[in-house]
Amino acid sequence: MKIINKVLFYVKVVFLLVAFSLALYIGMINMDSFNEILLVLIIRVLPYLLLLILFVVTFFFNYENNILCNGSSLLAFIACIIIYLRTIFDKNIIDLEPVNKLYYDGFEGKIQILLYLILISNILLIYYNKKNKIHS
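Using the working numbering, the final residue of the sequence shown is 624, and nothing's skipped along the way.
Treat each hint with caution, since some may be false.
Unchecked claim - Only pairs whose alpha carbons sit at most 30 Å apart, straight line, appear in this in silico DSS-like list of lysine-lysine:
| id | residue 1 | residue 2 |
| --- | --- | --- |
| 1 | K619 | K490 |
| 2 | K618 | K490 |
| 3 | K494 | K618 |
| 4 | K598 | K579 |
Since the hints were derived computationally from the structure, they do not count as laboratory data.
Please model the entire structure based on the sequences and the hints provided.
Okay, here's the thing in C-alpha coordinates:
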(Lines of atoms letter the chains of each structure in order from A and count residues from 1; the text may use other names and numbers.)
(Lines give C-alpha, C1' and ligand atoms only; values in the text may rest on other atoms or scores of the structure.)
Protein backbone atom coordinates (compact mmCIF):
# COMPACT_ATOMS: atom_id res chain seq x y z
CA MET A 1 0.00 0.00 0.00
CA LYS A 2 2.89 2.37 0.75
CA ILE A 3 4.37 1.80 -2.70
CA ILE A 4 1.09 2.71 -4.39
CA ASN A 5 0.81 5.78 -2.18
CA LYS A 6 4.34 6.95 -3.08
CA VAL A 7 3.72 6.37 -6.79
CA LEU A 8 0.45 8.32 -6.58
CA PHE A 9 2.27 11.15 -4.79
CA TYR A 10 4.94 11.49 -7.49
CA VAL A 11 2.47 11.18 -10.35
CA LYS A 12 0.30 13.78 -8.60
CA VAL A 13 3.23 16.21 -8.52
CA VAL A 14 3.99 15.62 -12.22
CA PHE A 15 0.35 16.20 -13.16
CA LEU A 16 0.30 19.33 -10.99
CA LEU A 17 3.23 20.73 -12.97
CA VAL A 18 1.55 19.87 -16.29
CA ALA A 19 -1.73 21.48 -15.20
CA PHE A 20 0.19 24.53 -13.92
CA SER A 21 2.01 24.97 -17.22
CA LEU A 22 -1.22 24.60 -19.23
CA ALA A 23 -3.01 27.12 -17.00
CA LEU A 24 -0.11 29.54 -17.41
CA TYR A 25 -0.16 29.04 -21.20
CA ILE A 26 -3.90 29.69 -21.44
CA GLY A 27 -3.55 32.70 -19.17
CA MET A 28 -0.78 34.16 -21.32
CA ILE A 29 -2.78 33.68 -24.49
CA ASN A 30 -5.85 35.27 -22.89
CA MET A 31 -3.76 38.15 -21.56
CA ASP A 32 -2.46 38.88 -25.04
CA SER A 33 -5.79 38.67 -26.84
CA PHE A 34 -8.23 39.89 -24.19
CA ASN A 35 -6.10 42.64 -22.57
CA GLU A 36 -6.29 41.06 -19.16
CA ILE A 37 -4.10 42.47 -16.45
CA LEU A 38 -1.37 40.52 -14.73
CA LEU A 39 -3.34 40.27 -11.50
CA VAL A 40 -5.97 38.04 -13.13
CA LEU A 41 -3.21 35.70 -14.33
CA ILE A 42 -1.75 35.55 -10.82
CA ILE A 43 -5.18 34.75 -9.36
CA ARG A 44 -5.59 31.87 -11.84
CA VAL A 45 -2.15 30.43 -11.11
CA LEU A 46 -2.02 31.08 -7.33
CA PRO A 47 -3.67 27.80 -6.22
CA TYR A 48 -1.16 25.81 -8.28
CA LEU A 49 1.74 27.62 -6.64
CA LEU A 50 0.30 27.10 -3.16
CA LEU A 51 -0.29 23.41 -3.86
CA LEU A 52 3.27 23.04 -5.13
CA ILE A 53 4.59 24.62 -1.93
CA LEU A 54 2.44 22.28 0.18
CA PHE A 55 3.58 19.23 -1.77
CA VAL A 56 7.22 20.25 -1.26
CA VAL A 57 6.61 20.71 2.49
CA THR A 58 4.90 17.33 2.63
CA PHE A 59 7.81 15.72 0.80
CA PHE A 60 10.66 17.27 2.79
CA PHE A 61 9.10 16.86 6.23
CA ASN A 62 8.05 13.27 5.45
CA TYR A 63 4.44 13.68 6.43
CA GLU A 64 2.36 10.62 5.79
CA ASN A 65 0.10 11.03 2.79
CA ASN A 66 -3.33 9.53 2.68
CA ILE A 67 -3.89 7.35 -0.38
CA LEU A 68 -7.39 8.81 -0.74
CA CYS A 69 -5.99 12.35 -0.74
CA ASN A 70 -3.34 11.47 -3.33
CA GLY A 71 -5.84 9.64 -5.54
CA SER A 72 -8.44 12.39 -5.43
CA SER A 73 -5.81 15.05 -6.11
CA LEU A 74 -4.57 13.06 -9.06
CA LEU A 75 -8.09 12.72 -10.49
CA ALA A 76 -8.66 16.45 -10.03
CA PHE A 77 -5.45 17.30 -11.89
CA ILE A 78 -6.38 14.90 -14.69
CA ALA A 79 -9.74 16.68 -15.01
CA CYS A 80 -7.99 20.06 -15.10
CA ILE A 81 -5.58 18.87 -17.78
CA ILE A 82 -8.43 17.50 -19.92
CA ILE A 83 -10.32 20.80 -19.63
CA TYR A 84 -7.19 22.81 -20.48
CA LEU A 85 -6.34 20.63 -23.48
CA ARG A 86 -9.88 20.89 -24.81
CA THR A 87 -9.69 24.66 -24.35
CA ILE A 88 -6.47 24.81 -26.34
CA PHE A 89 -7.33 22.41 -29.16
CA ASP A 90 -11.04 23.18 -29.59
CA LYS A 91 -10.64 26.35 -31.62
CA ASN A 92 -13.42 28.84 -32.01
CA ILE A 93 -13.62 29.02 -35.79
CA ILE A 94 -16.03 31.94 -35.91
CA ASP A 95 -13.94 34.38 -33.88
CA LEU A 96 -10.54 32.94 -34.89
CA GLU A 97 -9.32 33.03 -31.30
CA PRO A 98 -6.36 30.89 -30.24
CA VAL A 99 -8.35 29.24 -27.43
CA ASN A 100 -12.01 28.46 -26.89
CA LYS A 101 -12.76 31.18 -24.33
CA LEU A 102 -16.39 30.17 -23.88
CA TYR A 103 -15.47 26.61 -22.90
CA TYR A 104 -12.77 27.82 -20.50
CA ASP A 105 -15.01 30.43 -18.86
CA GLY A 106 -17.59 27.78 -18.08
CA PHE A 107 -15.08 25.71 -16.10
CA GLU A 108 -12.78 28.37 -14.64
CA GLY A 109 -14.71 28.83 -11.39
CA LYS A 110 -15.16 25.10 -10.90
CA ILE A 111 -11.43 24.49 -11.37
CA GLN A 112 -10.58 27.20 -8.84
CA ILE A 113 -12.98 25.73 -6.26
CA LEU A 114 -11.57 22.24 -6.86
CA LEU A 115 -7.99 23.43 -6.42
CA TYR A 116 -8.73 25.37 -3.24
CA LEU A 117 -10.55 22.33 -1.78
CA ILE A 118 -7.47 20.20 -2.47
CA LEU A 119 -5.37 22.90 -0.85
CA ILE A 120 -7.54 22.95 2.28
CA SER A 121 -7.55 19.15 2.53
CA ASN A 122 -3.74 19.05 2.30
CA ILE A 123 -3.42 21.73 4.99
CA LEU A 124 -5.73 19.73 7.26
CA LEU A 125 -3.75 16.57 6.54
CA ILE A 126 -0.47 18.30 7.46
CA TYR A 127 -2.07 19.69 10.64
CA TYR A 128 -3.35 16.24 11.60
CA ASN A 129 0.06 14.65 10.96
CA LYS A 130 1.82 17.36 12.95
CA LYS A 131 -0.64 17.11 15.84
CA ASN A 132 -0.33 13.34 16.03
CA LYS A 133 3.36 13.34 15.01
CA ILE A 134 2.80 10.84 12.21
CA HIS A 135 5.76 10.62 9.84
CA SER A 136 6.55 8.10 7.14
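Hint check:
1. Between K619 and K490 the alpha-carbon distance is near 21 Å, which keeps this suggested pair within the 30 Å criterion.
2. Our distance criterion of 30 Å between C-alpha atoms is met by K618 and K490, whose separation comes to about 19 Å.
3. Between the alpha carbons of K494 and K618 the distance comes to roughly 19 Å, so the proposed pair stays at or under 30 Å and holds.
4. As the CA atoms of K598 and K579 are separated by approximately 21 Å, the hinted pair is consistent with the 30 Å bound.
Taken one by one, the earlier hints all hold for this structure without exception.
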